[in-house]
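Chain by chain, the residues run as shown.
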Amino acid sequence: MSDLTRKTAVELSELMAGGEASSVEITQAHLDRIAAVDTSVHAFLHVDAEGALAQAADVDTRRAAGERLGPLAGVPLALKDVLTQDGVPTTAGSKILEGWKPPYDSTVVKRLKAAGIVILGKTNMDEFAMGSSTENSAYGTTHNPWDLGRIPGGSGGGSSAAISAYEAPLAIGTDTGGSIRQPAAFTGTVGVKPTYGGTSRYGLIALASSLDTPGPCARTTLDAALLHEVIAGYDPMDSTSIDQAVPPVVEAARRGDVSGLRIGVVRELGGEGYQPGVEARFREAVELLTKLGAEVVEVSCPHFQYALPAYYLILPSEASSNLAKFDAMRFGLRVGDDGNNDAEKVMSLTREAGFGDEVKRRIMLGTHALSSGYYDAYYGQAQKVRTLIARDFARAYEQVDVLVSPATPTTAFAIGDRIDDPIAMYKNDLCTIPSNLAGNAAASFPCGLADEDGLPVGFHVMAPVMRDELLYQVGSALETALTEQWGGVLMSKVPELEVTR
Amino acid sequence: MTVVADVLDLDAALEQFDPVMGLEVHVELNTKSKMFCGCPTEFGAPPNTQTCPVCLGLPGALPVVNVRAVESAIKIGLALNCEIAEWCRFARKNYFYPDMPKNFQTSQYDEPIAFNGWTEVVVDGETYRIEIERAHMEEDTGKSTHVGGATGRIHGASHSLVDYNRAGIPLIEIVTKTIEVPPAKAAAVARAYVSMLRDLLLALDVSDVRMDQGSLRCDANLSLKPRGSSVLGTRTETKNVNSFRSVERAITYEITRQAAVLVAGGKILQETRHWHEDTGITTSGREKSDADDYRYFPEPDLVPVAPSREWVEEIRATLPEAPPVRRARLQTEWGFTDLEMRDVINGGALELILRTVDLGVGAAAAKKWWLGELARAANESGKELGDLGVGPAEVFEVQKLVDSNALNDKLARQVFDGLVKGEGTVAAIIESRGLALVSDDSALSEAVDRAIAANPDVVEKVQSGKPAAAGALIGAVMKDMRGQADAAKVRELVNTKLGI
Amino acid sequence: MPSITREEVAHLARLARIELSDEELDHLAPQLDQIIGLVAQVSEVAAEDIPPTSHALPITNVMRQDVNVPCLTPEQALSGAPAAEEQRFRVPRILTEEA
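Residue numbers (the numbering used here), protein chains in the order written: chain A, 1 to 501; chain B, 502 to 1001; chain C, 1002 to 1100.
What the hints contain is simulated information worked out from the structure, not anything from laboratory work. Just so you know, not all the hints are guaranteed correct.
[Unchecked claim] With a straight-line Cα cutoff of 25 Å, these simulated SDA-like cross-link-like pairs (lysine to any residue) come out:
1. A:K110 to C:V1063
2. A:K345 to B:I655
3. A:K113 to C:P1071
4. A:K345 to C:S1080
5. A:K345 to B:D794
6. B:K594 to C:V1063
7. A:K345 to C:S1022
8. A:K101 to C:Q1077
9. B:K594 to C:E1009
10. A:K345 to C:A1011
[To be verified] Derived CB-CB ranges, DEER-like:
11. A:N341 to B:P683: 47 to 57 Å
12. C:E1008 to A:A414: 30 to 40 Å
13. A:T483 to C:E1024: 30 to 40 Å
14. C:Q1035 to A:K113: 40 to 50 Å
15. A:G140 to C:H1028: 17 to 27 Å
16. A:V499 to C:Q1035: 41 to 51 Å
For each residue, glycine too, the CB sits at the ideal point set by N, CA and C.
Make a model of the complete structure from these sequences and hints.
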C-alpha cells in the first residue's frame, strides 16, 4: 500500500493493531519511498534497510505472540545523525567522523528500541549541528520538499525534510538554538524542543552542553507527543537530566483545549526584518486561539535582543571544548601520519581537513571567548545575560501561561542565499534562541503558507520549564482548528515530489 | 644531549638564599570505579580492558560523579584541617595531549572542594606547620609508552602507544601554600611532608599511595629569596619526583642549581624541570608561558557538588585520630624511646611497623627488621621502604620462624635478601637457598664432636677454667653448618659434651 | 578598528590545533571579526550584580555509587582507532613531555 507513507504514526499503529498491516510492510513502504525520492531530497546520510527490517520483523513476531506493545511499536523513524547508534555509521554531518561506527547506543536510541520503534536510518544535518540551513553538512545539503531549490532549515534539516517528504512519519532531532523548531517551520511539520534536561544527552554528540536538547519531529501534534513520551525522562547517565515525571504531553495533545489559557505575544519577536506573510499567518493563528477561548496579551521581554549575541558566545565556547576530542588519536579521520609528522601536527592537519568553515569559525570564536583576559567580558558576561533572559521569561510567566511568536522571521530561503553571510544566517534563530538560553520548553507548529511564496510558516510556542504539556495543548488546538479550515493538515498541501526510478 | 648545569655548594647556597617551596601532591584514590564512570580501576590490567565511552572520550559520552571520590576528597580535606566548600563545581582545563581522551581535564579551578587547611611535620624532633592552600578533585589521563627511542623515553621515539585504563581514575590534588622553614631544613621538611602525607592517606584508607605505582605523585616548586630580601624569586616546577628520597634530593639539587645561576648574575627561567634519579640532576622541560592558558570554564556536563554539613560531620566522625596523638600513643604502647620513635618517623616506617605489630610481631622485632635489614635494602636499591616487595605479612612470617628456631637472625636476613630480590615466597626462598636451621640433633651432635676433635687446644683451654673460650668451638660448628644452626643449641651441646 | 586582527586569528587557530592555510585565514579572519563585533553587544548590558546561569533548574549533588559496570571490550574500545598496536592506540610521535 503506497499510501502507508501518508499515514500518521497513530494511524499506522491502529492498522498494525488491527492486523491490517505489518511493521515489515510499513517499513518496506517507507524504504521504497526513500529510494524513490531521496536522490532529490537528500534527507538521509545512511539508510539501514537490513537493520530496520530486522527490527520490524521482531516487532511483528512479538505482536503475533500476544505481547503487549507500546503505542508506537513497529512505526518507522528517521534519526538525526548526531545521536549514536551501536554499529551504525554516525557522522554528525562531518568528514571528521566519516565511517565511524559508535560502539554504544545513545539513551534516546535505547528508548526508541525498547519502544519497538523502527529506525530507518540517519538524517542529514549541519556539521556538528552548527547551522540553520543544513548547507554546512559535509555531505551536501538537504532540499526542502516544498521547493527543492530551497533549504529545509537547520541544523536538523534532514529529519524535518524526511517527514515532510513522507519518508518517515516520525523523526528525532536535537535543538540547541532552534535546530528542531526552525526546520519544522520551514517544512510545515511539527518540531518540539523539550525542557532542557527533559531528554537525555547521553550519546548525543555534543555541540553546546548547556543548550543541546533531543526532541520529537512529526507531521501531527499527537504523533509528536507520543514520541516525546517515549524518549523523555530521567537518565542516570546524564548528570543534567531532570529527575521528575515526564509532563503529561499525550494527554494535553489529545485534549487540545485552550479556553482560559493566557497567551503572551512577545513584542520583541516581530517587526522589522520579519517577512509580512509570516507575520500575517502568525497574527491569524493568534486570533484563532482567541476565538478558541484563550486570553491574549502582549508582553515585553526586553533582554531578548541580547539573546543572539549571548548565544553566539556561549555556544562556541562550549563547542570549542567539546570538539577538542576530534584529534585523530582514538577515532575518526587521521590525516598526515607519514611517520615524520608528530602528533600535534597530525592533529592540526586532521582538524583542518575534517572540519568545515562554520565549525572552524565557531571553534576559534570559542577559544577566543574563553581566553584569559577575555573570559569575563565574553563568556562570563554572556552567562549573566542568560540570567536576565531567564528572568524576562519568569516575569512574563507571572502574567501568562505560554508565550508565542513566529518560529522564524522568514520562510525558507533559497539554497546558497546566506551561506556567505554568517550573521545573516544566525538571524534565522532570533525567535528560537531565547528558550534555549532559559532552558524552557518550546515548539513550532504549522500555521499556514505565506502569501508571497506559498511556503510554510511556523507558529512558535514557549512554555515554562517542565510545563511541556502546554505546548501540546496549544499546538493541538491550533491544529484541530486549522485542519478544519483547510480540510486537512497543512502537509496535505505539499507539492508531490517527482519519483526517481 | 642534556647540558649539566653548574651548581653551587649547598652550604654556600643556604648562606645566601632562603628556599621558598611549594609542593603539589597528586593522590590516586582507591575507589572501585573511576571518577566519572563505572569502569574498574585495577592496577596492571591488560591495556584498554577497563574503558568505556566516557573515559575514552568518545563522542556523546557524559560524566557522572563518583560519590565515594567526593567522600574521599572531603576526608582528605578534613584530615588536613581544611574548610569544606558548601558549594563547588568542576571546571574544564583545556589542553591537547594524546593521552587526554577529551583534550580537556575535568578538574576544579577556583572552586575547590577543600581549602585553607594546615598540617604538621616533624623533622629531627622539631615540628613545622605547613599551610594547605587547597585539595581538589580531578581525573587521571591515559598512559603512553614511547616506541623506538632509547630506553622508552620520548626523545627519538618513532611513535607512541596509548592505554586508557588509567584515564578517568580519580585524583585528588593537594597544594600547599608557600613553605618557608629554616633553609637548612627545607629539603628534609619537603621529604617529611610527602612521607607524612603518605602515612595520613594510608590511615584514611583512601589510596594505596604507592609512589612506585604512581598512586602518589609529587611536583616540587622551588624559588630562592636572597637573604634579607622579601622579593620572591622565579619559581621552577620539578616533576618525576618518584620517591621521598627524590623529593629531598631534587629540592637540594634545585637549591644549588638556582643559587649558581643567581650568583653568576643570571636569571631563573620559569619552567617545568624533570628530575633524574639516576644522575641526581634536573633538566629543562617545558617553558611555562602564556601558552599555558587553560581557558578554564565551569563544566557544563556536571552540576555543582554541595556537601551538606551533616554529611561532612558524618565523614569527620570516621576520621582516625590525628597523627601527633597517634604517634604518642604508639610510642607508649611500643615502649620506644623518643630517639627510637624519631628514627621510626624519619625512616618512614611508622605505618609498616604498626601493621607488622598488628599481625602479632613484637614492636622491637618489627622495628629491628624495618629500620635494619629492610632500610638497608631500600637505601641500596633507591626504593621506598614500602615498595621493596616485602610487606608486614612477610616480616611476620620470618619472625615467626625465628621465634620457633627454624631460622636465626643471620638466615632471616638472607630470607629478606631473597624477598627483596623477588625470588619468591618465604618458604620458597628457604627451600631454594637451603636456609633452614638444622634441627636434627644427631647432625648437630656430630658437628660438635668434629669441632671438639679438631680443636684440642681450645678444649684444653675450656676445661682448664676458661668457659668463654668455648666460643671458638661454637664458631667452628657454625662454620661447619654454614650458619644453619641454632647457636644457643650448639652452645648447650658443647657445654654438655665438655662437661661445663 | 577591527575587533580582532589576522595575526590573532592565526594564533587562535594554533591554540585550537587547526592548520589553516593562508587563503583560509584571508577568508575566515574578516568573518570572525564581524562576528565578534556582533557578540560584543553583550557588554552593552549592565550586569555587574547578576549571577551567571548555566542550568535551567538549580540541580546539585548528582552522583553515582562507587560500583563497577561492564566496560567495553578492547575490540570495541579500539574499533574506531585510526591505528592500533599491541591492543593500544597507536599515535604519531609525541615531541613534548606532558604539561
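Consistency of the hints with the structure:
1. A:K110 to C:V1063: The given pair, whose Cα atoms are some 22 Å apart, holds under the 25 Å limit.
2. A:K345 to B:I655: holds (16 Å)
3. A:K113 to C:P1071: Holds, at roughly 20 Å.
4. A:K345 to C:S1080: Distance of about 23 Å is within 25 Å: holds.
5. A:K345 to B:D794: holds (20 Å)
6. B:K594 to C:V1063: holds (21 Å)
7. A:K345 to C:S1022: Roughly 14 Å between the alpha carbons, so the hint for K345 of chain A and S1022 of chain C holds.
8. A:K101 to C:Q1077: holds (10 Å)
9. B:K594 to C:E1009: This hinted pair holds, its Cα atoms lying about 22 Å apart.
10. A:K345 to C:A1011: Distance of about 15 Å is within 25 Å: holds.
11. A:N341 to B:P683: 47 to 57 Å: holds (52 Å)
12. C:E1008 to A:A414: 30 to 40 Å: Check passed, 37 Å falls within 30 to 40 Å.
13. A:T483 to C:E1024: 30 to 40 Å: violated (53 Å)
14. C:Q1035 to A:K113: 40 to 50 Å: holds (45 Å)
15. A:G140 to C:H1028: 17 to 27 Å: Holds, at about 21 Å.
16. A:V499 to C:Q1035: 41 to 51 Å: holds (43 Å)
The structure shown violates just one earlier hint, number 13.
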